[in-house]
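Novice: Each protein sequence line maps, in turn, to chains A and B. Every letter in the first sequence is one number past the one before it in our numbering, and letter 114, counting from 1, is 114. Every letter in the second sequence is one number past the one before it in our numbering, and letter 33, counting from 1, is 33.
The set of hints was computed from the structure by calculation and includes no laboratory data. Think of the CB as a built atom: it goes at the ideal place given N, C-alpha and C, for glycine as much as any other residue. Among the hints, erroneous ones may be present.
From the structure, some residues in chain A lie toward chain B, with a derived Cβ separation under 7 Å [stated by the list, open to error]:
{"id": "1", "residue": "V100"}
{"id": "2", "residue": "I104"}
{"id": "3", "residue": "L106"}
{"id": "4", "residue": "A107"}
{"id": "5", "residue": "T225"}
{"id": "6", "residue": "L232"}
Cβ pair distances, simulated, as ranges [as the list claims (entries may be wrong)]:
{"id": "7", "chain 1": "B", "residue 1": "G17", "chain 2": "A", "residue 2": "L143", "range": "27 to 37 Å"}
{"id": "8", "chain 1": "B", "residue 1": "V27", "chain 2": "A", "residue 2": "V74", "range": "21 to 31 Å"}
{"id": "9", "chain 1": "B", "residue 1": "G6", "chain 2": "A", "residue 2": "D149", "range": "49 to 59 Å"}
{"id": "10", "chain 1": "A", "residue 1": "R18", "chain 2": "B", "residue 2": "P3", "range": "38 to 48 Å"}
{"id": "11", "chain 1": "A", "residue 1": "R18", "chain 2": "B", "residue 2": "E4", "range": "37 to 47 Å"}
{"id": "12", "chain 1": "B", "residue 1": "E43", "chain 2": "A", "residue 2": "L143", "range": "25 to 35 Å"}
{"id": "13", "chain 1": "B", "residue 1": "P3", "chain 2": "A", "residue 2": "D148", "range": "32 to 42 Å"}
{"id": "14", "chain 1": "A", "residue 1": "L131", "chain 2": "B", "residue 2": "V32", "range": "26 to 36 Å"}
{"id": "15", "chain 1": "B", "residue 1": "V27", "chain 2": "A", "residue 2": "L80", "range": "29 to 39 Å"}
{"id": "16", "chain 1": "B", "residue 1": "V27", "chain 2": "A", "residue 2": "E145", "range": "12 to 22 Å"}
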Amino acid sequence: MSLWEYANPARFMALTARVLPVLAVLSAVCLVVGLVWGFFFTPEDFRQGSTVKIIYLHVPSAMMAINAWAMMLVASLIWLIRRHHVSALAARAAAPVGLVMTLIALATGAIWGQPMWGTWWAWDPRLTSFLILFLFYLGYIALWEAIDDPDTAADLTSVLCLVGSVFAILSRYAVNFWNQGLHQAASLSLDKKENVSDVFWFPLLVCIAGFGLFFVVLVLVRTRTEIRARRLHALRLRARMG
Amino acid sequence: MMPELGKYAAYVLTAYGASVVLLLALVALSWVRGARIKRQLAEAERESKHG
Numbered sequence: 001m002s003l004w005e006y007a008n009p010a011r012f013m014a015l016t017a018r019v020l021p022v023l024a025v026l027s028a029v030c031l032v033v034g035l036v037w038g039f040f041f042t043p044e045d046f047r048q049g050s051t052v053k054i055i056y057l058h059v060p061s062a063m064m065a066i067n068a069w070a071m072m073l074v075a076s077l078i079w080l081i082r083r084h085h086v087s088a089l090a091a092r093a094a095a096p097v098g099l100v101m102t103l104i105a106l107a108t109g110a111i112w113g114q115p116m117w118g119t120w121w122a123w124d125p126r127l128t129s130f131l132i133l134f135l136f137y138l139g140y141i142a143l144w145e146a147i148d149d150p151d152t153a154a155d156l157t158s159v160l161c162l163v164g165s166v167f168a169i170l171s172r173y174a175v176n177f178w179n180q181g182l183h184q185a186a187s188l189s190l191d192k193k194e195n196v197s198d199v200f201w202f203p204l205l206v207c208i209a210g211f212g213l214f215f216v217v218l219v220l221v222r223t224r225t226e227i228r229a230r231r232l233h234a235l236r237l238r239a240r241m242g
Numbered sequence: 001m002m003p004e005l006g007k008y009a010a011y012v013l014t015a016y017g018a019s020v021v022l023l024l025a026l027v028a029l030s031w032v033r034g035a036r037i038k039r040q041l042a043e044a045e046r047e048s049k050h051g
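Model the full structure from these sequences, guided by the hints.
Specialist: Here it is in structure tokens:
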């Protein structure tokens, strides 16, 4: 069976109706276990004190902020190349989720930065590229809302998504491009010596899985809504015309 | 039960509080819009069938 069969809205709705309950339960379990484990059952860091507990929100949300844009980029390319409506609607559905993830990453970063760096905000490469990514999310959502014709809106937002991808990549690699600023390099590494200690790493892994599943569940739910909204729009147009 | 958060308690609790509120708001808005569109579509389909 080809993946493209799920570009058919009816098949997509049937499949997601079956998998959504399972994914929603998995997501809730991972989020609750990860956050409770991280908040209640991990020690303080010798240098950062209890603020290290913010890592369980900040890192997964920042990862999802970038990954959401990456998913929108893939969906936009599929729309531009193959004209599958479900992919355009999935990109539209993902944007508010990515926006909230970016906002959580920015807010928790500022709250963490104040006691550790002595400032809520600095025009550091990673922070600035994240702020620009946040503005791209807002612009993307506004553009969808501003255009009545759904295909034209999908075309223009797809192009905006391609442009914004530069900042999504910058958000991920800014600390590597410019070796300056307050933000540290990645805390997570496959190299055990560079990675955070296991006592923080394991609950963080569960939180990352929880945020990832949460994103998938919300995007599927919202894509189902967008498919229904598109059908509703078509029915209303037909009724108006005769 | 509450862990000892020391002098950074306000920062940690604010980060968790703000994040939970944002996540719940996102779920609630998605749910409400989804339910509204589903209801409107059912009505529109009923009307289109009955003329």
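Novice: Hint by hint, say whether it matches the structure.
Specialist: The hints, checked one at a time:
Because the closest C-beta pair between A:V100 and chain B is about 5 Å apart, less than 7 Å, the hint holds. At a threshold of 7 Å, the smallest CB-CB gap from A:I104 to chain B is about 5 Å, leaving the interface hint in force. Because the closest C-beta pair between A:L106 and chain B is about 11 Å apart, greater than 7 Å, the hint is violated. With a cut of 7 Å, the hint placing A:A107 at the interface with chain B holds, because the nearest CB-to-CB distance is about 5 Å.
Interface restraint check: A:T225 against chain B, minimum CB-CB distance 4 Å, threshold 7 Å, status holds. Hint status for A:L232 relative to chain B: holds, with the closest Cβ pair at about 5 Å, below 7 Å. Our hint of 27 to 37 Å for B:G17 and A:L143 holds, since their Cβ atoms are close to 32 Å apart. At about 24 Å, the CB distance of B:V27 to A:V74 agrees with the hint of 21 to 31 Å.
For B:G6 paired with A:D149, a C-beta distance near 56 Å keeps the hint of 49 to 59 Å intact. Judged by the Cβ atoms, the range 38 to 48 Å given for A:R18 and B:P3 holds: they are separated by roughly 40 Å. At about 45 Å, the CB distance of A:R18 to B:E4 agrees with the hint of 37 to 47 Å. Separated by about 29 Å at the C-beta atoms, B:E43 and A:L143 satisfy the suggested range of 25 to 35 Å.
Checked against the hint of 32 to 42 Å, the C-beta distance between B:P3 and A:D148 comes to roughly 52 Å, which is inconsistent with it. Distance hint check for A:L131 and B:V32: the Cβ-Cβ separation is about 29 Å, which falls inside the suggested range of 26 to 36 Å. A beta carbon spacing of about 31 Å between B:V27 and A:L80 agrees with the range 29 to 39 Å that was offered as a hint. Checked against the hint of 12 to 22 Å, the C-beta distance between B:V27 and A:E145 comes to roughly 21 Å, which is consistent with it.
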